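Chemist: Given next are the chains, with one letter for each unit.
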Amino acid sequence: MFDPLEATLQIGASGIQAQSKRMRVVTENLANAQTTGKTPGSNPYTRKTISFEDEVDDTTGANVVKVSGIDRSRAPYRTEYNPGHPAADEKGYVKLPNVDMLVELADMREASRSYAANLQVVKQARELINMTIDLLRST
Amino acid sequence: MALGAVQLFGLISRHNQWLAARQATLAGNIANANTPGFKALDVEDFNQTLDTMGLSMATTQSAHMTSGATEAPVGVRQEDPWDVTHSGNSVSLEQELIKAGEVNRAYRLNTSIAKAFHRMLLTATKA
Chain A
184 MFDPLEATLQ IGASGIQAQS KRMRVVTENL ANAQTTGKTP GSNPYTRKTI
234 SFEDEVDDTT GANVVKVSGI DRSRAPYRTE YNPGHPAADE KGYVKLPNVD
284 MLVELADMRE ASRSYAANLQ VVKQARELIN MTIDLLRST
Chain B
91 MALGAVQLFG LISRHNQWLA ARQATLAGNI ANANTPGFKA LDVEDFNQTL
141 DTMGLSMATT QSAHMTSGAT EAPVGVRQED PWDVTHSGNS VSLEQELIKA
191 GEVNRAYRLN TSIAKAFHRM LLTATKA
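So the sequences go chain by chain: A and B. To convert a position in the first sequence, counted from 1, into our numbering, add 183. To convert a position in the second sequence, counted from 1, into our numbering, add 90.
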């Protein structure tokens, strides 16, 4: 027999972990928002995407979340006319990453909101455990 | 009187088991708040669960063991979602946190009642 509150802590931890990975991917995208290639006509940094899936933990039967994969976005690159750039092709166009700052920032906000919600669950589970332990005290 | 109190302790412990199972379900929902296609879950109502749990096992001899730690088979159903996003996910963080607050309040009430009755029994035994 497993303790549901232990399972709660485990599920909360899985959520926190998944959201931190998402935050990491967003940061990588933001940091590389201007990263171009080095050789003429080469591809720039490609935006990374992260996807989640739910998974049933065998020992506790808990519905944990896990990262199902980090993939590359298939969106087209932006181009800019800049003939002097090392990565410019023969027509003078430079390929820029397909990272949209606005989308990344929105993603970051969502990740931090979900992170906070998971943290709240962990806190509450701890409170419930403490209430049970308190039954032994002060009597 | 004492028997009533003992049954009350059993009831409280079962309700807390149910609340803990509910908290685990809510935690699963919140962890999967961004999982595409995930449908939010909730546990069956406590009065339905109580019928299947049974308060005590029938004993025909004094040597029989009473029901010890009965596994609480708390059923799980899909909850009525507030909204469903485009990805098919029906978890609403606000809804889940409100429910987690309810669980917290009920759990606190139960433990306080148990504490009060325990104090009462102690007063009776010490006097």
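For the record, the hints were derived by calculation from the structure and aren't laboratory data. Note that this is a predicted model, so its numbers are computed, not measured. Be aware that one or more of the hints could be misleading.
[Unchecked claim] Listed below are the simulated DSSO-like cross-link pairs for lysine-lysine, each with C-alpha atoms no more than 30 Å apart in a straight line: (1) B:K205 with A:K306; (2) A:K231 with B:K129; (3) A:K306 with A:K249; (4) A:K231 with A:K221; (5) B:K216 with A:K249; (6) A:K231 with A:K204; (7) A:K249 with A:K204; (8) A:K306 with B:K216; (9) A:K231 with A:K274; (10) B:K205 with A:K249; (11) B:K205 with B:K216; (12) A:K306 with B:K189; (13) A:K249 with A:K221; (14) B:K189 with B:K205; (15) B:K129 with A:K204; (16) A:K204 with B:K189.
Chemist: Against each hint, give a clear statement of whether it holds in the structure.
Modeler: Here's how the hints hold up against the structure:
{"no.": "1", "hint": "B:K205 with A:K306", "result": "holds (23 Å)"}
{"no.": "2", "hint": "A:K231 with B:K129", "result": "holds (26 Å)"}
{"no.": "3", "hint": "A:K306 with A:K249", "result": "holds (21 Å)"}
{"no.": "4", "hint": "A:K231 with A:K221", "result": "holds (20 Å)"}
{"no.": "5", "hint": "B:K216 with A:K249", "result": "violated (54 Å)"}
{"no.": "6", "hint": "A:K231 with A:K204", "result": "holds (12 Å)"}
{"no.": "7", "hint": "A:K249 with A:K204", "result": "holds (10 Å)"}
{"no.": "8", "hint": "A:K306 with B:K216", "result": "violated (37 Å)"}
{"no.": "9", "hint": "A:K231 with A:K274", "result": "holds (28 Å)"}
{"no.": "10", "hint": "B:K205 with A:K249", "result": "violated (40 Å)"}
{"no.": "11", "hint": "B:K205 with B:K216", "result": "holds (16 Å)"}
{"no.": "12", "hint": "A:K306 with B:K189", "result": "holds (15 Å)"}
{"no.": "13", "hint": "A:K249 with A:K221", "result": "violated (35 Å)"}
{"no.": "14", "hint": "B:K189 with B:K205", "result": "holds (24 Å)"}
{"no.": "15", "hint": "B:K129 with A:K204", "result": "holds (23 Å)"}
{"no.": "16", "hint": "A:K204 with B:K189", "result": "holds (27 Å)"}
Checked against the numbered hints above, the structure breaks hints 5, 8, 10, 13 and satisfies the rest.
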